[in-house]
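Enquirer: Residue numbering for the sequence shown follows the numbering used here, beginning at 1 and increasing consecutively.
These are calculated hints, taken from the structure and not from any lab test.
Quantities reported herein were computed from a predicted structural model and do not represent experimental measurements.
Where is the CB? At the ideal position from N, CA and C, for every residue including glycine.
Hints are not guaranteed to be accurate.
Unchecked claim - Label pairs and their calculated CB-CB ranges:
(1) Y20 to N90: 38 to 44 angstroms
(2) D105 to K291: 28 to 34 angstroms
(3) V97 to K228: 17 to 23 angstroms
Claimed, not checked - Below 25 angstroms or equal to it, Euclidean Cα-Cα: the simulated DMTMM-like pairs (lysine to aspartate or glutamate) are:
(4) K274 to D256
(5) K130 to E108
(6) K76 to E22
(7) K148 to E164
(8) K196 to E165
(9) K81 to D52
(10) K196 to E34
(11) K174 to D131
(12) K212 to D305
(13) K148 to E297
(14) K187 to E166
(15) K72 to D54
(16) K76 to E91
(17) K228 to E208
(18) K148 to E208
(19) K187 to E199
(20) K200 to D54
(21) K195 to E208
(22) K291 to E164
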Amino acid sequence: MSNVGTPQGDSLSPVLFTIYLENALREIRATLPEPNSSYGREIPSEIAYADDVDFIGHDYANIAKIQETLEKYQLKVNTDKTEFTLLSKNEEDWKKVKKVGSLIDDNEDIERRMQLSSTALSRLNNLWLKDNKIKTATKMHLYKSLVKSILLYNCSTWALTHTEEEKLNAFHGKQLKKILNIKFPVKITSKSLYKKCQEKPLSLQILESRWKLFGHILRRHRDIPANKATRAYFIQCGKNHRGRPRTTLPTVLNRDLALIDHEIRLHSSDELDKITALAQDGRQWQEMTAKIERAAEASQTENWDVPRH
């Protein structure tokens with residue numbers, strides 16, 4: 001019988017472990033040197049969920065200090081489950097690293113989500129969708145629960161270009177046609193397709209999700225990792241980098257704001273403070289986001305009456 005660790009299955013075990021781990025993390029924070037830049041100070045040194053921890057740093061030497069502190073607390077790092085990721089504009093390996101079920105690079109993650117949802121739809125089609133006796137409403141309920149949930153996993157964090165949005169909408173349309181058993185050469189307008197399925201373009205659903213998440217983050221404490229990372233982004237974005245600017249979530253949110261005649265934009269930390277203040281008023285926030293959603297839908301309905309294969 002071991003006297004190391006906490007008893008498995010005991011209701012107090014997770015509480016005791018969390019307290020113990022937090023004490024170790026506090027010592028790590030005190031041990032690591034403070035970053036020189038204001039940008040570095042805004043980035044949290046670690047993000048923990050239960051017994052999973054991501055450590056973030058700008059110096060290789062800090063990794064050794066973290067390991068020393070963990071060993072002091074007899075906390076062993078599972079090397080088989082531990083990944084070391086180097087984020088660099090000149091390297092591309094980080095794009096296919098998975099964190100909490102999603103790939104870090106949005107474009108890679110979208111491709112993977114499309115593949116996974118296609119597999120799920122094929123399985124569902126073989127079991128249920130081919131049966132003409134099942135109502136469309138029932139098929140759509142199954143699709144939303146078992147397929148679309150896979151496709152849109154973590155979509156509220158995606159930074160999408162217009163091309164990527166159109167690609168997702170077209171992919172979604174093909175899946176809906178498969179559910180309705182509409183095959184080439186039969187044509188149907190997007191308006192009729194969405195009406196029959198009680199659906200709307202994925203790009204609009206993703207827009208709603210990202211504004212819901214953004215509002216939730218802004219209403220939380222300023223020191224949570226998501227808020228600190230957002231402020232750090234605007235500290236860093238003033239610097240010039242070679243190559244084409246990347247499409248980021250703040251630039252997509254700013255693009256959404258440009259759809260409406262609103263005085264607030266999202267170019268700087270000062271504007272971030274303004275929109276944070278607006279988010280505290282639930283009614284004003286809902287009115288603004290609803291206006292953005294209507295404007296986005298109006299901009300996409302121009303070609304809905306054109307029949308497509």
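Enquirer: List in ascending order the numbers of the hints, as given earlier, that are violated by the structure.
Expert: 5, 10, 12, 16, 20
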